[in-house]
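Let the hints inform the model, and build the full structure from the sequences given.
One-letter residues, chain by chain:
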Amino acid sequence: MRRRIDHARAVSPLAAAAGLATLAFVVIPLPFIVLSAISHGSYRLLGKGSPTLEWFRNFVTNDRFMAALGNSVSIALITTAVTLLIGLPTAVVVTRGTFPGRRLLLSLVSLPLLIPGVIVGTAALGFVAQTGIGPGYWPITVAMVCAALPLALRPIIANLSGLDQDQEKAARNLGASPLRGFCLVTLPQLAPGLLAGGIFAFIEAMDNFSIAAFLTDINTTTLPIEAYSYIRDIDDPTVAAMATLLIVMSVLIVMVLDRLLGLDKFLDLS
Amino acid sequence: MRRPTGLLLAFPAILVVILLAAVFASVVSVSLLQADPGGAVFHGPASLRNYTRLLGSADAWRSVSNTLRLSGIVTLICLVCGFPLARLLARASSARTRRMILFCLMATFFSGGVTRAYAWLIILGNRGLINQSLQALGLPSVALINNETGVVTAMLNFVLPFFVLTLFSALRTIPDTLESAARNLGASRARTFLHVTLPLSLPGVAASCFLCFALSLGAFLFPEMLGGGRVQVLATAIYDRIQTTYDVPSAAALAMLFLLLILCLLAVLGAARQVVTRRAT
Amino acid sequence: MGASCPLEIEGLSKRYGQHQAVDGVALSVAEGETLALLGPSGCGKTTVLQSIAGFVTPDAGDIRLGGESLLPIPPEGRGTAMLFQHYALFPHMSVGGNVGFGLRMARVPKAEARRRVEEALRLVRIEALASRRPAQLSGGQRQRVALARALVIEPRLLLLDEPLGALDQNLREEMQTELRKLQRRLGLTTVMVTHDQHEAIVLSDKIAVMRNGRIEQAGTPLEIHDHPGSHYVATFTGVENLLPATRSSTDIVEIAGTPIAGLHAPQGTTDALTVAIRASAVGMRAAGAKPSGLLGTIVFTQVLGAAIRYEVALPGALLVRVDEARRGTAIWEPGTAVVLDLPADRCTVLTGNA
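Chains as they are written, first to last, in my numbering: chain A, 1 to 270; chain B, 271 to 551; chain C, 552 to 905.
Simulated from the structure, these hints should not be mistaken for laboratory data.
Don't be surprised by glycine CBs; every beta carbon is placed ideally from N, CA and C.
Do not take every clue at face value.
As the list claims (entries may be wrong) - Now the in silico label distances, taken between C-beta atoms and shown as ranges: (1) C:720 to A:77: 49 to 59 Å; (2) A:77 to B:365: 28 to 38 Å; (3) A:12 to C:720: 36 to 46 Å.
To be verified - Residues from chain B shown here face chain A by an in silico Cβ test under 7 Å; the list is partial: (4) 355; (5) 378; (6) 430; (7) 505; (8) 529.
As the list claims (entries may be wrong) - Per the computed footprint, the stretches of chain C lying under chain A, defined by three or more beta-carbons under 8 Å from a beta-carbon of chain A, are: (9) 630–639; (10) 650–658.
So, in structure tokens, the structure goes:
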């Protein structure tokens, strides 16, 4: 039998293999973390013995980790809520407004995205040191809001500018006030953008290292900072257990996104 | 939209901008002061001493060249490795393949930086997976962390999803009928790629490389965790000033110089990107 | 349905930067009458419609509905239901939710609202689709939902923005007839905007052809169709024949040197004239042994379906298009010598050459 050659393939097998190799490189850290978390030592990936939950136990019984986790989650939740509350009106102004400075306003609030976190962190530290506020929980939270705002704005703006403006006109034509038209017609359709923006804000606040590193103090640390200092001091797979939990959270988030929006649509927005 | 409503809606964002302005004004003024040893108090008089000291310091210049070199290397490898994946994603015939790839990329992306930095310590470390395997085979071990190899590997791993997803969004706007048309007109797959796909991809490639370079310039976590203090980039140099001596004014001055460098670089690269984009369209 | 009102527009003007979008437009639409604003994109017709609905604030002029000026009233208070070009249905609401939106805004009691929504859906014959989402509907069904949504609030004035532009040909003809019947039955004062001359003719009682923000010609559909007032209107409404003509010594119009019986040139104009006549109005017969009149030769034939299109060459490189309703199956061959008959009452004499 003659082999049938698929001339219609857009990507040659070689190029496809190269692509998949890259994908493997990107994903490879995750399985190793999970393996490490259930092994008996950092560098003994399931070498001997059965899987263990010792490091997970260690993580949840470690007071410093639990305090850092509590800080990170509460900071991330506050950041998400505040960021969306600021992001929504800002997106409306930027896409629908008429006043001349609105593009500039968008560029200015987007600065923390362009400027490396270390610079933002140093600046924030300089500010809290000079004003006497000092580092801690609230400075971290405010810094996270500033860092997360541009990330959250992008999907909201993309979502909003994709909507047919005639819909709001139709609502007014049918007797709705501008505010009612927005709330009943536009806002429900902004759910995907708000969801995507919210997730970006949450992840940024949970994961940020470079800004938070400058604003933590003895009493207030966040999970990434605590994990780093733990690695430097002790270096057992407790951090792998923590990372495994983060991976589970990440996979859950992506699954929810896939279910609610579809990953393609999510990408379109961001 | 009527103007008062617009201003009301812009108010929260304006507050954020005012805060940012205050913070940066403050850090500029701090960078002109001197620190008391070990203390959180800065004193005047305001001078450019921090700046002149930094500009004359070989260490500072070395971290500038390290930062630029590492960012360049990461961007280059990113381009070579990332392009095939972005293209596979954009042209994958089955929706399932695409969904699988997207799922992997995004799950990795959301799992956070510390997670991945730690994974690379496990894999590349002196007693890590690779060196254990080498030992088992009776080969000498190699140093893969506390040097640029480790830093570049981890940075690459972090930046690739951004690069691939950005390039993917650009690539999929190129209609695949153009490639079909080229094949129909007698071009081989390779020539189609060279004469049709590549020129049309250039704006997307430029945008993705720009992003990749910008992210690499600011990378902090990976040089810090995998460099082990031996790979000094600007980000770690700034942090060290605070960690070791709590010299906030000096750190602030270095941060401002870094900011200046970044703004200049990004302005130049942004202009280059515009040229590429304009010539391609 | 609700009390329909006459509409009057006076001296309406709107400028966008350097561009005078609307320039002193005056119109009046009697109660229950349908007016079509016809013109190419950028002629200002949409700006007029948006001014009536309240989405554009005019620089000058007045818009009165039932004698009362609309200008101080915000869009939501005007009672002018609009059918948007791409329908602007709310994608996150069901068909019932879309149609009931206006009643919800007017705080109509639930039971009554439900009854009126059902009635409106029945009126446009989609009562079975009430629980669907817009994305699940065909183009024609969406059009009906948009229409029901506009009609259910018993508007004082109905505004149609390119109402059938998004539909394909077959559906468009079906909806044209249906829309016209509905208008007649409900007696709604209507203003529509279109760039499609056919749509304007079949859907309206009065047409205003617009050009560069002004009204070029206003008249009944038949007047516009048969007797365009200018070269612009003739070209835009698709008059197939614009024939260069001259004035004879007796003020009779001549084409290719042949006088057209009964067709008089207008007084005191130049000698260069143009005769506008539709292809379907031109008569044609075989040239006999001793032919007289407008002599020509068929050079091209094309089957249109219900008619045959002939292109007839006259002396002087003139080409006349003739649509002849089919009688039997015989089609005249190219090369046949024919005599053309241009009835004076179907001709329009325009000054100047095209």
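Hinted contact residue 529 (chain B) with chain A - closest CB pair below 7 Å: holds, 5 Å
Closest C-beta approach of residue 430 (chain B) to chain A relative to 7 Å, hint status: holds, 5 Å
Cut-off 7 Å, beta-carbon criterion: hint that residue 378 (chain B) touches chain A: holds, 5 Å
Interface restraint verdict for residue 505 (chain B) against chain A (beta-carbon cut-off 7 Å): holds, 4 Å
Distance restraint hint 36 to 46 Å, applied to the beta-carbon atoms of residue 12 (chain A) and residue 720 (chain C): holds, 44 Å
Consistency of beta-carbon spacing, residue 77 (chain A) to residue 720 (chain C), with hint 49 to 59 Å: Holds - the Cβ-Cβ distance for residue 720 (chain C) and residue 77 (chain A), about 56 Å, lies within 49 to 59 Å.
Hint check for residue 365 (chain B) and residue 77 (chain A) - Cβ pair distance inside 28 to 38 Å: Cβ of residue 77 (chain A) to Cβ of residue 365 (chain B): about 34 Å, so the range 28 to 38 Å holds.
Residue hint residue 355 (chain B), partner chain A, criterion CB-CB below 7 Å: holds, 4 Å
Proximity test - 8 Å, beta-carbon atoms, the segment 630–639 of chain C to chain A, at least three hits: holds (count 7)
Verdict on chain A covering the segment 650–658 of chain C, criterion of 3 CB contacts below 8 Å: holds (count 4)
Comparing the model with each numbered hint stated earlier shows that all of them hold.
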